[in-house]
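The opening residue of the sequence shown carries number 194 in our numbering; numbering runs sequentially from there.
There could be a bad hint or two in this list.
[As the list claims (entries may be wrong)] Each pair of labels, with its calculated beta carbon distance range:
no. : residue 1 : residue 2 : range
1   : 226       : 262       : 39 to 47 Å
2   : 275       : 309       : 19 to 27 Å
3   : 280       : 304       : 19 to 27 Å
4   : 302       : 226       : 14 to 22 Å
5   : 269       : 240       : 16 to 24 Å
6   : 228       : 260       : 37 to 45 Å
7   : 229       : 256       : 32 to 40 Å
8   : 255       : 301       : 27 to 35 Å
9   : 265       : 324       : 32 to 40 Å
Hints were generated in silico from the structure; no laboratory data involved.
Don't be surprised by glycine CBs; every beta carbon is placed ideally from N, CA and C.
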Amino acid sequence: MVAAPALEATKPGSRLTTLNHTAWSPFDPNNKSPMEYVEGNWAQILRIGTFSLSEEDLRRVGLCDEAVRLPPESGGGFMAYLASHHHLHCLCMLYRSLQPDYSETRSVVWQVSAKLRLSHWDHCIEALRFVRTSLLSSD
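Input sequences plus hints: build the corresponding full structure.
Quick look at the structure:
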C-alpha cells in the first residue's frame, strides 16, 4: 500500500461543492450575487491549505530531507501541502484576476504592488502549464 497521509485531511464526504454556477446562471441558491456564490465555493475548495504530517508519515512518503518543521505553537510536525490544492489556488487567483471590480476589495492579492501581483499570476500560469504538459506527456 502506498503511503498517503493526505487522505485524512481530504476525506471523501468532508464537503460538497458545486462549481457549475457562473455569472450568467439563473440559479442562485442563497439569494447571493453570483460572484458571492462562486467565491463561497472557492473558499470551500481551498479551505484545506497546509496541514501537518508526523515524522513517521514524512519518512513513509520519503520527504525527510526537505521537510519544514512546524513550531510547537502551530501544532508541531512537518508542513505539508497538496500540489493539487496549489493548482486550485492558482486557478482561483487567475479567476479573480478576471474580476477586478469584485476582487480588489476582497482579496489580499490586490493589496500588493501591480508588479508583485503580475508576478504571482505569471507563477500561476507557469504552474498550471507545467501540470498540463506533465499530464499530456507519455512515460
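Here's how the hints hold up against the structure:
At about 43 Å, the beta-carbon gap between residue 226 and residue 262 stays in the expected band of 39 to 47 Å. About 25 Å separates the C-beta atoms of residue 275 and residue 309, a value consistent with the hinted range of 19 to 27 Å. Restraint check, residue 280 to residue 304: a C-beta distance of roughly 23 Å satisfies the suggested window 19 to 27 Å. At roughly 20 Å, the beta carbons of residue 302 and residue 226 sit within the given window of 14 to 22 Å.
One distance hint, 16 to 24 Å for the beta-carbon pair residue 269 and residue 240, holds here, with the actual separation near 21 Å. Hint check: residue 228 to residue 260, Cβ distance near 38 Å, so the stated range 37 to 45 Å holds. In this structure the supplied range 32 to 40 Å holds for residue 229 paired with residue 256, their Cβ-Cβ distance being about 38 Å. Between residue 255 and residue 301, the C-beta spacing of about 34 Å keeps the proposed range 27 to 35 Å intact.
The supplied range of 32 to 40 Å is met by residue 265 and residue 324, whose beta-carbon atoms lie about 35 Å from each other.
Hint check: no violations occur; every hint is consistent with the structure.
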